Amino acid sequence: MRGTADRWVLLAYRMPRQPSTPRIAVWRKLDRLGVARLGDGLVALPADARTREQLDWIAEEITEMGGSVTLWLARPGSTAQEQAIAAGMRQARSAEYQAVITQARAAASARPGERARTAKRLQAELRRIGRRDFFPPAERDAARLAVQELSRRSAPDVTETTGDSVEAAGGEPR
Amino acid sequence: MKWATRAGVHIDRAACAWLIRRRIDAEAEFVFVDDPAQVPSGVIAFDMRGVELGHHGGDCSFETVLRRYELTDPVLWKIAEIVHEADLDDGRFDAPEAPGLDVILRGLSMTCADERVLELTGPLFDGMYEYYRRAFLLGRPPA
Numbered sequence: 599m600r601g602t603a604d605r606w607v608l609l610a611y612r613m614p615r616q617p618s619t620p621r622i623a624v625w626r627k628l629d630r631l632g633v634a635r636l637g638d639g640l641v642a643l644p645a646d647a648r649t650r651e652q653l654d655w656i657a658e659e660i661t662e663m664g665g666s667v668t669l670w671l672a673r674p675g676s677t678a679q680e681q682a683i684a685a686g687m688r689q690a691r692s693a694e695y696q697a698v699i700t701q702a703r704a705a706a707s708a709r710p711g712e713r714a715r716t717a718k719r720l721q722a723e724l725r726r727i728g729r730r731d732f733f734p735p736a737e738r739d740a741a742r743l744a745v746q747e748l749s750r751r752s753a754p755d756v757t758e759t760t761g762d763s764v765e766a767a768g769g770e771p772r
Numbered sequence: 265m266k267w268a269t270r271a272g273v274h275i276d277r278a279a280c281a282w283l284i285r286r287r288i289d290a291e292a293e294f295v296f297v298d299d300p301a302q303v304p305s306g307v308i309a310f311d312m313r314g315v316e317l318g319h320h321g322g323d324c325s326f327e328t329v330l331r332r333y334e335l336t337d338p339v340l341w342k343i344a345e346i347v348h349e350a351d352l353d354d355g356r357f358d359a360p361e362a363p364g365l366d367v368i369l370r371g372l373s374m375t376c377a378d379e380r381v382l383e384l385t386g387p388l389f390d391g392m393y394e395y396y397r398r399a400f401l402l403g404r405p406p407a
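First to last, the protein sequences are chains P and D. If you count by our numbering, then the first sequence holds residues 599 to 772, one letter each, in order. If you count by our numbering, then the second sequence holds residues 265 to 407, one letter each, in order.
The hints are simulated quantities; they were obtained by calculation from the structure and are not laboratory data. This one's a predicted model, so the numbers in the text were calculated from it and none came from an experiment. Beta carbons are placed, not taken as given, at the ideal position from N, Cα and C, and that holds for glycine. Wrong hints could be hidden among the right ones.
[As the list claims (entries may be wrong)] Negatives, chain P to chain D, calculated, CB over 10 Å: (1) Asp604; (2) Trp606; (3) Met613; (4) Trp625; (5) Leu636; (6) Ala685; (7) Asp739; (8) Ser749.
[What the hints assert, rightly or not] Interface residues of chain P toward chain D, partial, derived using beta-carbon atoms under 7 Å: (9) Ala647; (10) Asp654; (11) Trp655; (12) Glu658.
This is chain D alone, in the form it adopts within the complex (with noise of 0.2 Å):
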């Protein structure tokens, strides 16, 4: 499937490809556009003004997609309230990392193009998953 975003990816873009590719399709093919008018039909848009997924109430759009596809994983909720926190900066979640995540993301929008942030983060989120599922099962921050 074919999955459409804004171009100039930022936190909110990349966990949202992320989470798309390991856990909705596992086949995703990423488009960028400057405008919500160019997205092809056909074409699935996150994180853009106007769709279904992207800020709604408050939410990020990425914990707008763990809403619309019922994903439960308290680990990816988890990481729901570091993006929020890196994305919105709204105080709403308790998340230390944010600041450090979105200074690491605005960087390598920098310095890459979107399709190089993707498979840069790609391995950076698993990792993330990985810490935070530890930490779930063992009540505190794993080693």
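Chain P on its own, in the form it takes in the complex (with noise of 0.2 Å):
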């Protein structure tokens, strides 16, 4: 588990209030990235070649909604600090993690349709999770195991359809 990351990419942003949707629209694409929110239009990120790239489009993105914006390379001033972001951090991906198993869980008992298409759903949401996870919680290999096992259980199972190839459906639970 990666507890610091030493360097650390800064967008300062100010955007008019009014209209709010464009506003709106940053807000909404820097949770998706997971920033941590150091203050009143000031996020973070863990800086690699990725997050630079993604920080420096949005910054362009509010310059041209009429926002004033710099981005900023920073070292943090002490470990501590920087242990208390990335704690909020992994905090934020813990409950979408537990978020992610308790939909898992929920769908077990579901019709196999709804299964297979909750499994897919949250293939899909565990990558995007993936993603901006930069601190990874306990609960990222609980939620992932979730995930397999309910796609697991919603493979289409053979013994329905043909009656007498359990064993071409894959038998013992693996």
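Assembling the complex is the task here: the two chains are given apart, and the hints tell you how they should meet.
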């Protein structure tokens, strides 16, 4: 588990209050990237090629929308404060993984078609969470297992259609 | 003509460079810079902040180049959907090819210099173009 990132990329921005639609669009995009919110109009991500580019383009978008924005590379002033920020991000992801686990368990008793659809949706959700998961919490593995289990149980069951091919269907759960 | 883009080439820049060479400027020469201020004068910059050929209105640079040079080839626009999702991953298009392409380009940028990435991805995009051209003519995935 990575506890610290050492280098961070910071985006400081201001946008006009009205119209509110672009402001909300930017807020949502930042959410999707899993940023830490350090203050009003100040967000941070651990710096790498991808996060720098992601924030760079959001900066460009904010400029085009008439806002003002600066992008910074930064080092934390102390390990303790960095760990507090990382812990907050880890907790946010933990809640997202927990929601996946809850949905996977709830779908276990659904009808087969519904189960398969939920499994697919949760797989995609896990991929999305994974991309903004910089400090993986313990729930990550549990969420992966829960979705794997659901996918396995929603695979087409050959015994239901042909009756006599238990072995072909895989028989024992792995 | 000379063209400039950011160093550390990824999918959008690689795809733009291919598109420029194939459709806009066969003699194109590319320079890679770390900062927009390093772009030499008289050079066309792409996929950088603050330039015409960048991300605009939710489009990635590849889509911007297609619009700017009025390239309407549907095969190129199909490739644009994949590049868009590999670059931005915002779910605007259904492009299951995108995550794979993203991995390939990320990996190449870890092992190769920028010039080499363009050398290697040229034939890759040529192949993709041919594949989607045939798919377009057939109306289904070609063998």
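Non-interface claim for P:Asp739 versus chain D (Cβ beyond 10 Å)
21 Å, holds
Taking 7 Å as the limit, does the beta-carbon of P:Ala647 come near enough to a beta-carbon in chain D?
With a minimum Cβ separation of about 6 Å from chain D (threshold 7 Å), the hint on P:Ala647 holds.
Tell me if the interface restraint on P:Glu658 is satisfied: Cβ within less than 7 Å of some Cβ in chain D.
5 Å, holds
Interface hint outcome for P:Trp655 [beta carbon to chain D under 7 Å]:
Hint holds; P:Trp655 Cβ to chain D Cβ min 5 Å, cut 7 Å.
Check the non-interface label on P:Met613: least C-beta distance to chain D beyond 10 Å or not.
Holds: least Cβ distance 16 Å, greater than 10 Å.
Does the no-contact call for P:Trp606 survive, Cβ to all of chain D over 10 Å?
Answer for P:Trp606: holds, closest chain D Cβ roughly 18 Å.
So, P:Asp654 near chain D? Judge it on the closest CB pair being under 7 Å.
Holds - the Cβ of P:Asp654 comes within 7 Å of chain D, reaching about 6 Å at its closest.
Mind verifying the non-interface call on P:Trp625? Its CB should be farther than 10 Å from each CB in chain D.
Given a closest Cβ separation of 15 Å, the condition holds.
In terms of Cβ atoms, is chain D entirely out of 10 Å range of P:Leu636?
22 Å, holds
Taking the closest pair, is the beta carbon of P:Asp604 still more than 10 Å from chain D?
Given that every Cβ of chain D is farther than 10 Å from that of P:Asp604, nearest at about 19 Å, it holds.
Beyond 10 Å from chain D, beta-carbon-wise, is P:Ser749?
Consistent with the label, P:Ser749 stays out of reach of chain D, its closest Cβ about 17 Å off (over 10 Å).
Cβ separation check - P:Ala685 to all of chain D, threshold 10 Å:
Given that every Cβ of chain D is farther than 10 Å from that of P:Ala685, nearest at about 26 Å, it holds.
When the structure is compared with the earlier hints, no violation turns up for any of them.
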